[in-house]
Each structure stands twice: as structure tokens, then as C-alpha cells.
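Could you build the full structure based on these sequences and the hints that come with them?
Going line by line, the protein sequences match chains A and B. Numbering-wise (the numbering used here), the first sequence opens with residue 1 and increments by one. Numbering-wise (the numbering used here), the second sequence opens with residue 1 and increments by one.
One or more of the hints may lead you astray.
Here are some chain A residues pointing at chain B (derived, C-beta under 10 Å) [what the hints assert, rightly or not]:
#1 N175
#2 G346
#3 A347
#4 E364
Mimicking SDA-like on lysine to any residue, the simulated pairs with C-alpha atoms at most 20 Å apart in a straight line are [claimed, not checked]:
#5 K366/A to L347/B
#6 K241/A to P351/B
#7 K252/A to E317/A
#8 K150/A to R286/B
#9 K283/A to L347/B
#10 K251/A to I350/B
#11 K302/B to V151/A
#12 K150/A to I323/B
#13 K359/B to G345/A
#14 K252/A to I350/B
#15 K150/A to F353/B
#16 K366/A to P351/B
#17 K345/B to G282/B
#18 K302/B to T287/B
#19 K366/A to N312/B
#20 K241/A to R357/B
#21 K366/A to N342/B
Since the hints were derived computationally from the structure, they do not count as laboratory data. No residue lacks a Cβ here, since even glycine has one placed at the ideal position from N, Cα and C.
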Amino acid sequence: MKLSFSGKDLYSGFNLVTGIVPSSALKSVLKGVKVEVKKKQVEFVATDLEVLVKYILSAGSCEEEGGIVLPAIRVNNVLREWAGNEEISVLIEGCNCTLRSAGGYFKIAGEDFLQFPEIGKIRTGGFVEVDGEIISDMVEKVVHSVSTVKVRSMLCGVFVRIIGDDMVMVAADGNRMSTIKRKVNNPEGVSMEGIVAVKCLTFMQRFVSECKGVLKLGMGEQQVYFVGERGEIVSQLIEGKYPKYDELIPKKNDKRIEVGRNELLSRVRMASFMTNEEYRVVKFVFKQGKLLLSSKTSDVGEAELEMAAGYDGPDLEISFDPEYVIDALKVSDSDTVTIELGDGGGAALFRTGYEQMDVIMPIEMK
Amino acid sequence: MNKIIMHIDMNAFFASVEQQINPAFRGKPIAVIGSNERTVVTTSSYEARAYGVKTGMTKYEAKRLCPHIVLVAGDTGRYTDTCRRLVEIYRQYTPMVEVYSIDEAFLDVTESIPLFGCAEVIAKKIKEDIRQKLGMLTCSIGIAPNKLLAKLGSDMKKPNGLVVIQHEDVGKLLQNLPVKELCGIGSRIETQLATLGIKTCGELGRASTHTLRNRFGVIGERLKLMAQGIDNNPVIPPEQEPDVKSIGHSMTLDKDVSDMETLECHVLQLSEMVGRRMRRGGYTGRTITLTLRYPDFTTFTKRTTAGTHTDNSIDIYRIAIDILNTVRLQQPIRLIGISISNLTKNLSQIPLFLSDRNKKAATCAMDKINDRYGDFCITWGTLIKRYQHKGVISPSWRPSGIKCINLSTRKTKK
Numbered sequence: 001m002k003l004s005f006s007g008k009d010l011y012s013g014f015n016l017v018t019g020i021v022p023s024s025a026l027k028s029v030l031k032g033v034k035v036e037v038k039k040k041q042v043e044f045v046a047t048d049l050e051v052l053v054k055y056i057l058s059a060g061s062c063e064e065e066g067g068i069v070l071p072a073i074r075v076n077n078v079l080r081e082w083a084g085n086e087e088i089s090v091l092i093e094g095c096n097c098t099l100r101s102a103g104g105y106f107k108i109a110g111e112d113f114l115q116f117p118e119i120g121k122i123r124t125g126g127f128v129e130v131d132g133e134i135i136s137d138m139v140e141k142v143v144h145s146v147s148t149v150k151v152r153s154m155l156c157g158v159f160v161r162i163i164g165d166d167m168v169m170v171a172a173d174g175n176r177m178s179t180i181k182r183k184v185n186n187p188e189g190v191s192m193e194g195i196v197a198v199k200c201l202t203f204m205q206r207f208v209s210e211c212k213g214v215l216k217l218g219m220g221e222q223q224v225y226f227v228g229e230r231g232e233i234v235s236q237l238i239e240g241k242y243p244k245y246d247e248l249i250p251k252k253n254d255k256r257i258e259v260g261r262n263e264l265l266s267r268v269r270m271a272s273f274m275t276n277e278e279y280r281v282v283k284f285v286f287k288q289g290k291l292l293l294s295s296k297t298s299d300v301g302e303a304e305l306e307m308a309a310g311y312d313g314p315d316l317e318i319s320f321d322p323e324y325v326i327d328a329l330k331v332s333d334s335d336t337v338t339i340e341l342g343d344g345g346g347a348a349l350f351r352t353g354y355e356q357m358d359v360i361m362p363i364e365m366k
Numbered sequence: 001m002n003k004i005i006m007h008i009d010m011n012a013f014f015a016s017v018e019q020q021i022n023p024a025f026r027g028k029p030i031a032v033i034g035s036n037e038r039t040v041v042t043t044s045s046y047e048a049r050a051y052g053v054k055t056g057m058t059k060y061e062a063k064r065l066c067p068h069i070v071l072v073a074g075d076t077g078r079y080t081d082t083c084r085r086l087v088e089i090y091r092q093y094t095p096m097v098e099v100y101s102i103d104e105a106f107l108d109v110t111e112s113i114p115l116f117g118c119a120e121v122i123a124k125k126i127k128e129d130i131r132q133k134l135g136m137l138t139c140s141i142g143i144a145p146n147k148l149l150a151k152l153g154s155d156m157k158k159p160n161g162l163v164v165i166q167h168e169d170v171g172k173l174l175q176n177l178p179v180k181e182l183c184g185i186g187s188r189i190e191t192q193l194a195t196l197g198i199k200t201c202g203e204l205g206r207a208s209t210h211t212l213r214n215r216f217g218v219i220g221e222r223l224k225l226m227a228q229g230i231d232n233n234p235v236i237p238p239e240q241e242p243d244v245k246s247i248g249h250s251m252t253l254d255k256d257v258s259d260m261e262t263l264e265c266h267v268l269q270l271s272e273m274v275g276r277r278m279r280r281g282g283y284t285g286r287t288i289t290l291t292l293r294y295p296d297f298t299t300f301t302k303r304t305t306a307g308t309h310t311d312n313s314i315d316i317y318r319i320a321i322d323i324l325n326t327v328r329l330q331q332p333i334r335l336i337g338i339s340i341s342n343l344t345k346n347l348s349q350i351p352l353f354l355s356d357r358n359k360k361a362a363t364c365a366m367d368k369i370n371d372r373y374g375d376f377c378i379t380w381g382t383l384i385k386r387y388q389h390k391g392v393i394s395p396s397w398r399p400s401g402i403k404c405i406n407l408s409t410r411k412t413k414k
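Here is the structure:
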């Protein structure tokens with residue numbers, strides 16, 4: 001079976017799926033990329049048994065069907081060198097593959113493609129459609145709040161809920177939460193929700209950057225599917241019940257302060273220079289028309305910074321882990337940010353963009 | 001201004017406390033031991049010492065030397081309580097009290113001289129106060145211009161001694177003194193010094209700084225100063241102690257354990273002990289270290305750094321269990337320990353979830369109950385049959401602050 005591709009197309013597809021190949025696996029076949037030809041299409045498939053990625057290229061005039069599992073890293077290294085070549089021919093003979101291009105060839109031992117794990121039948125109540133770049137942007141804006149503590153596995157993913165034409169993404173660790181809402185095309189009016197692993201979502205972002213266009217999103221009881229024109233991603237959902245995120249959004253914060261996003265980001269970052277790993281806290285003091293930021297750490301030093309703020313209430317003091325505030329502001333596209341506060345001990349709400357917010361719990365100074 | 005430092009060393013402390021509490025033990029050879037099979041003599045009375053009984057002997061060795069010796073299972077709570085009462089006495093004469101160990105303390109009495117006359121008067125008053133308030137406990141006191149010499153002084157006359165080392169006598173005193181008599185010079189350093197032909201403090205004080213630095217590194221110079229009777233270390237009262245770097249507990253188990261369920265139970269108990277101390281001191285930490293020791297004394301540690309700081313016993317337990325699960329045990333476990341480092345003080349991140357805030361409030365309530373009625377008075381069900389650890393008192397134990405560990409295994413009646 002002989003196939004032919006442009007060097008750029010073959011490398012970009014193969015390189016994309018190689019990204020999911022685990023560095024170590026119990027079965028050697030999992031350290032490879034399955035190349036399967038069927039219905040005049042070539043599928044490149046890789047999986048780490050949690051996330052499965054498929055990328056599709058045209059098989060051209062090849063009428064035969066069959067496949068091979070190729071060692072991912074080795075072949076990817078070859079294709080990277082030949083990415084600029086006009087043509088690369090791929091000859092598959094049983095479990096051997098010959099890659100040939102201008103100036104040479106590689107004969108590579110592969111494995112039986114029938115040994116490669118199959119994707120089960122997609123079971124979902126339906127699909128919604130959304131522009132890949134929108135969904136990728138949503139992930140970007142919440143993923144910083146995902147927990148890394150494995151004990152609470154349900155917080156180690158992004159909660160995705162679709163109701164009507166609204167899609168909400170939520171991420172939270174034990175101290176902060178980020179949410180964003182966007183519109184989707186949901187002609188069938190399907191509702192779905194689930195906790196999607198970060199690995200799947202960050203891979204989806206990479207997929208979207210390679211394959212622009214509309215993505216179809218579907219969720220079953222245990223799996224999530226992203227289907228695009230050039231391929232698909234299937235991932236296991238994280239088991240568990242996600243906390244009721246809407247109950248965590250403070251509703252009674254009566255103090256609203258508008259501040260410039262860039263200025264606040266810069267000031268918080270500067271104040272954080274005077275903190276260290278053991279003492280990571282920046283004090284925010286809101287006064288008439290201004291915000292004072294200060295940090296003080298023994299053996300490091302202290303800083304006090306001032307900036308304009310749209311605040312006319314009584315003096316208000318609250319302290320945060322600067323990393324939390326910086327994370328929230330970094331992903332904001334807005335020129336201004338609205339901070340909604342109750343008292344010094346309650347949750348602070350940072351409205352950082354359209355339908356985009358971060359709930360950040362303060363630090364209590366004893 | 002020359003300092004006047006006092007070192008107070010309680011004589012045969014644990015044994016004396018037991019003899020004070022139980023008159024039947026008075027005048028008899030007794031040895032205080034732990035409660036388990038692996039126990040050794042922690043202290044013996046002077047009557048037992050006359051038979052050659054020494055600290056560190058097994059109870060069988062002690063019996064062999066002194067067949068009628070009375071072996072008393074130590075009650076650490078009694079000793080820590082007595083230590084607290086001793087510190088109260090010391091504080092009547094100076095606020096500059098550094099508890100060096102459960103039976104030793106340094107006092108800086110420099111500023112107290114105008115009030116009491118001279119250091120010897122203070123020492124005699126302290127001895128009298130101890131006799132009046134704590135009965136037959138005796139102590140040896142050394143008075144000198146610094147901590148090193150004060151400690152040397154208290155060691156020179158035991159029991160019930162009082163030695164004053166004047167500045168002008170230091171050179172003569174140290175000239176022929178064996179180096180091992182100085183606090184801080186152990187058998188290893190003594191052996192290394194002997195290879196350089198140095199056996200006395202006089203010889204060490206005259207040795208070339210260059211030679212000592214080559215052999216011992218940075219402490220070489222300090223050794224020379226020590227041998228000259230120079231020690232600039234101040235007496236540090238607890239409120240001036242630097243912040244701790246880690247908080248931990250370990251326990252040698254009664255018998256070697258390989259059963260995971262039992263090990264998990266010990267990990268939970270240690271996690272609670274560590275968590276309690278952290279919360280009491282206002283600390284939270286991120287790096288949890290698990291220490292395991294096999295019966296052949298092979299000891300190893302594994303650590304994990306969590307994403308956020310915690311002082312919650314269950315969080316510490318879960319992380320420690322995760323670490324334990326990564327270890328393929330090759331032998332049963334003799335000792336298990338948990339410590340937490342990467343500490344931060346007086347900062348408390350308020351949790352996002354109500355359930356976490358409730359958990360925090362419940363922990364706080366448990367702590368209050370245990371503060372009032374005794375440790376482990378209220379605890380998790382799995383710890384009802386918890387390990388009654390009556391092990392040795394850590395040298396780092398202090399009567400107050402973060403190093404204060406409630407070692408009493410008795411529960412106060414409600």
C-alpha cells in the first residue's frame with residue numbers, strides 16, 4: 001500500500017497526534033501512532049488510554065485498505081526533518097513501513113494496527129456546534145483555576161455545562177473559581193454536562209490551532225467528543241459530582257470598584273515581588289478614589305503601590321494570594337475590571353470580561 | 001558588660017520525680033524505662049548508678065547489674081509538668097530563660113544582679129525554691145561568663161553542686177581539661193582531634209586555625225574558640241526563638257508492622273499530632289515528608305509538595321498515605337514519622353467551599369475540646385484503639401510554643 005503526502009501536511013498531522021502519546025506505556029503499541037487507510041482516507045490515531053486523538057488526511061488515489069502502528073517519536077523526528085519537502089511517500093508492507101523523500105529513505109519496523117485500542121461507539125444525546133477558537137478561548141480563561149490536588153479528582157478538570165444555547169465552563173480549586181459563558185449553536189436543544197480532563201482540553205486547544213473551523217461537541221455519560229472536519233478527540237470524563245458553582249458566586253457583595261486591568265495587573269505583579277513562597281500575600285486597601293497595594297515579607301522586603309480606583313465607600317482592607325489575582329487578570333481581554341466585595345472575610349468577585357468572572361477567596365491575617 | 005550565665009541541670013531528673021511522687025521509691029535503686037518491650041533505661045537514680053546502671057541499657061542489663069532495681073515505666077506528662085513548674089521558678093529571677101532540654105536550662109542573670117546581690121545568691125535561692133515547691137529534686141548549677149562554661153560548671157559537681165567559674169580562672173581550668181568535657185564535642189570529633197595529637201582544651205586552644213579549618217571546615221574555628229572558653233551564643237528565651245522550619249513527629253512501634261491497615265492508623269495518629277501542633281502555632285505547610293525505618297535501621301524519607309498550604313490533619317494524612325502507597329515495603333516497619341515543612345505562619349487562606357469551611361470549624365471545635373480535656377479526647381473512630389506511644393521525650397521538647405508537645409497519655413476525666 002503506497003501513499004503520498006506533502007511533507008508539511010504529513011508532519012503537521014503526525015506531530016499533532018504524537019502529542020498525546022505517553023512517554024511510557026505498558027503496551028508498546030501505545031507508544032505508537034496508528035496509521036490506517038480506509039474509505040480513501042488516512043487516519044492517524046494516538047491515545048494514552050484517557051484521551052484518544054484522530055487526525056484525517058486524504059489518501060489520494062490509494063484504493064487499498066490496511067494500516068500499521070508506527071513508533072511515534074522516531075517517525076515524528078524523521079518527518080520534522082522532511083517537513084519542508086514537497087512530497088513524502090509512505091509504503092506500508094505488513095508491519096514494515098518505508099518513508100521515502102528527496103535524498104533518501106527510512107525503513108521502519110512497525111506493529112500490527114489491529115492490536116491498537118479501538119474507540120467504542122460514540123454514545124451521546126446529541127451534538128452542539130461551536131467555533132473551535134471560541135471554545136479554545138473559553139478553556140484559556142478558566143484553566144488556571146483547575147485544582148492539581150488529586151485527592152479531589154472532580155476539581156482536576158473543567159466543568160462544562162450546555163443548556164439551551166449557553167455553554168458554561170467552570171474551574172475551581174479549593175480557594176478560587178473561574179467561570180465563563182458563551183453562546184453555542186444548539187438546534188436540537190440538547191443539554192449536557194460533565195467534568196473534562198485538562199489534558200483533553202489543552203490538547204483540544206492545540207487541535208484547534210491546527211484545524212480551524214467549527215467543532216461539534218457531544219457528551220455521553222462517560223466520554224466527551226470533539227469532532228472537527230480534520231479529526232476528533234475522545235476523552236474519558238472525570239467521575240464525580242461537581243460542586244454547585246452558581247452557589248459559590250457571591251450575590252450580596254455591595255461594593256463595586258472599577259479599576260484599569262493593565263494597571264492593576266502591573267501593580268499586583270510588582271507587589272508580589274516582595275513576597276516569597278512561604279508568605280504569598282498582597283494587601284489591598286481601597287480608599288476614596290484609590291487602591292493601595294502592599295506586601296511585606298521578612299528577609300525579602302516590602303512594597304507599597306498606589307493606583308486610581310473608582311471607589312467612594314469607607315476604607316476597606318482585604319488580602320489575597322497575588323498569584324490568584326494575576327492569573328485572573330492575565331486572561332482578561334477587558335480594559336477595565338470590576339471588583340465586587342462584601343466584607344474583608346468574604347469571597348471577592350472579579351468581573352474580568354463579558355460573562356467572565358473569577359471568585360477569589362481572601363487570606364485571613366492572624 | 002560581661003555576661004553572667006547560669007546553667008541548671010536537674011539531677012537524675014525522671015528518677016527523682018518518680019521518687020518524689022512515690023515515697024516507697026526513695027533511697028532505693030530505681031530506673032525509669034519506657035512501656036514497651038524494646039525499652040531502655042532513660043534515667044536511673046543515684047542509688048542505681050552505684051551498681052553501674054546507665055542510661056541506654058536494656059532493662060535486662062539493668063536487672064543483671066542490680067537484681068533488686070525497681071523498674072518504673074516513665075510518665076512523660078509528669079516530667080513535662082515538673083519542667084513547666086521549674087521554668088516558673090527560674091522566671092522569678094530573670095525573664096531570660098532558655099529551656100535547653102526537659103531537665104536543663106540556661107539563665108542570663110546579668111540584669112538581675114542589682115536586684116539579688118550576686119549570682120551565687122540567685123543559685124541558692126533557686127535551689128531552695130525547688131526544694132520548697134517540688135520536694136526532694138536537686139540540681140547542679142554552673143555559673144560562668146557564657147553558656148559553654150556554665151554548662152561545664154554544672155557538670156563538674158553532681159549531684160546538688162554549685163560551681164562558679166570566674167573569667168580569670170578559665171585558662172587554668174581548661175588547660176588540662178579533656179576536649180570531650182566541652183558541650184558540643186562528641187566522640188567523633190574527639191577521635192578526629194586525637195589524630196591531630198589534640199587531647200586537651202589547652203592543646204586545642206593553641207592549635208593552628210588553618211589546620212582545624214582544613215579538618216573540620218567552618219566549625220574548626222569555633223572549636224578553637226570553645227577550647228579557649230569563648231562562646232558568644234546568647235541565652236534565647238522562647239519568645240525570641242527563630243521560626244521553626246518544620247514540624248514533625250515520629251514513633252518507634254511496639255512491634256514491627258507490615259500490615260497496611262495498621263500503618264495507615266499510625267499515619268493518621270501522627271498526622272493529627274502534627275496538624276494539632278501546626279494549628280496551635282498558627283502554621284500551615286506544603287511539603288509533607290514521610291519517614292520509614294526498617295528493623296535493620298535502614299531509614300528513608302519520601303516527600304511531596306502540595307499545591308496549597310494546609311494545617312488540616314486529614315489533608316496531611318491523605319498526602320502521607322499517597323506517599324506510603326508509592327513505597328514497596330521490603331521489610332516490616334519499625335519506625336514511622338511525618339513532618340511538614342515549607343511553612344508559613346499566621347496566614348490562613350479562606351476556603352472557597354462551604355464544606356471546607358465547615359470542616360475547618362469542626363477541626364477548630366475538636367482542638368478546643370482536646371485543649372480542655374486532653375489530646376485525643378475527641379478523635380476519629382479509627383484512632384479509638386490508637387497506639388499509646390510512651391516513647392522518649394524529644395530533645396527539642398519545650399514547655400511552651402510550637403515545640404511544646406503534650407506527651408501525657410492519660411486522659412483527664414470530664
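Against the structure, the hints:
1. Because the beta carbon of N175/A sits about 5 Å from the nearest beta carbon in chain B, less than 10 Å, this interface hint is met.
2. Against a cut-off of 10 Å between C-beta atoms, the interface hint on G346/A holds, since the closest Cβ of chain B lies about 8 Å away.
3. Evaluation of the A347/A hint against chain B yields a held restraint, the C-beta minimum of about 7 Å falling below 10 Å.
4. Of the supplied interface hints, the one on E364/A holds, with its beta-carbon coming within about 4 Å of a beta-carbon of chain B, less than 10 Å.
5. A C-alpha spacing of about 6 Å is found between K366/A and L347/B, which places the hinted pair at or below 20 Å, so the restraint holds.
6. Taking the CA atoms of K241/A and P351/B, the gap is near 19 Å; set against the 20 Å cutoff, the hint holds.
7. In summary, the hint linking K252/A to E317/A is supported, as the alpha carbons are separated by about 18 Å, within the 20 Å threshold.
8. Between K150/A and R286/B the CA atoms are separated by roughly 15 Å; this keeps the pair inside 20 Å, and the hint holds.
9. At most 20 Å may separate the alpha-carbon atoms for a hinted pair to count; K283/A and L347/B meet this at roughly 12 Å.
10. The hinted pair formed by K251/A and I350/B meets the criterion: a straight-line CA distance of about 18 Å does not exceed 20 Å.
11. In summary, the hint linking K302/B to V151/A is supported, as the alpha carbons are separated by about 18 Å, within the 20 Å threshold.
12. Restraint check for K150/A and I323/B: satisfied, since their Cα atoms lie roughly 13 Å apart, inside the 20 Å limit.
13. Annotation: proposed proximity of K359/B to G345/A holds, straight-line Cα distance about 17 Å (limit 20 Å).
14. Taking the CA atoms of K252/A and I350/B, the gap is about 18 Å. The hint holds against a cut of 20 Å.
15. Restraint check for K150/A and F353/B: satisfied, since their Cα atoms lie roughly 17 Å apart, inside the 20 Å limit.
16. A C-alpha spacing of about 15 Å is found between K366/A and P351/B, which places the hinted pair at or below 20 Å, so the restraint holds.
17. Proposed proximity of K345/B and G282/B is supported: the alpha carbons are some 6 Å apart, at most 20 Å.
18. Distance hint between K302/B and T287/B is fulfilled; the C-alpha atoms sit about 10 Å from each other, no more than 20 Å.
19. Proposed proximity of K366/A and N312/B is supported: the alpha carbons are some 17 Å apart, at most 20 Å.
20. Our distance criterion of 20 Å between C-alpha atoms is met by K241/A and R357/B, whose separation comes to about 19 Å.
21. This hinted pair checks out: K366/A and N342/B have alpha carbons roughly 18 Å apart, not beyond 20 Å.
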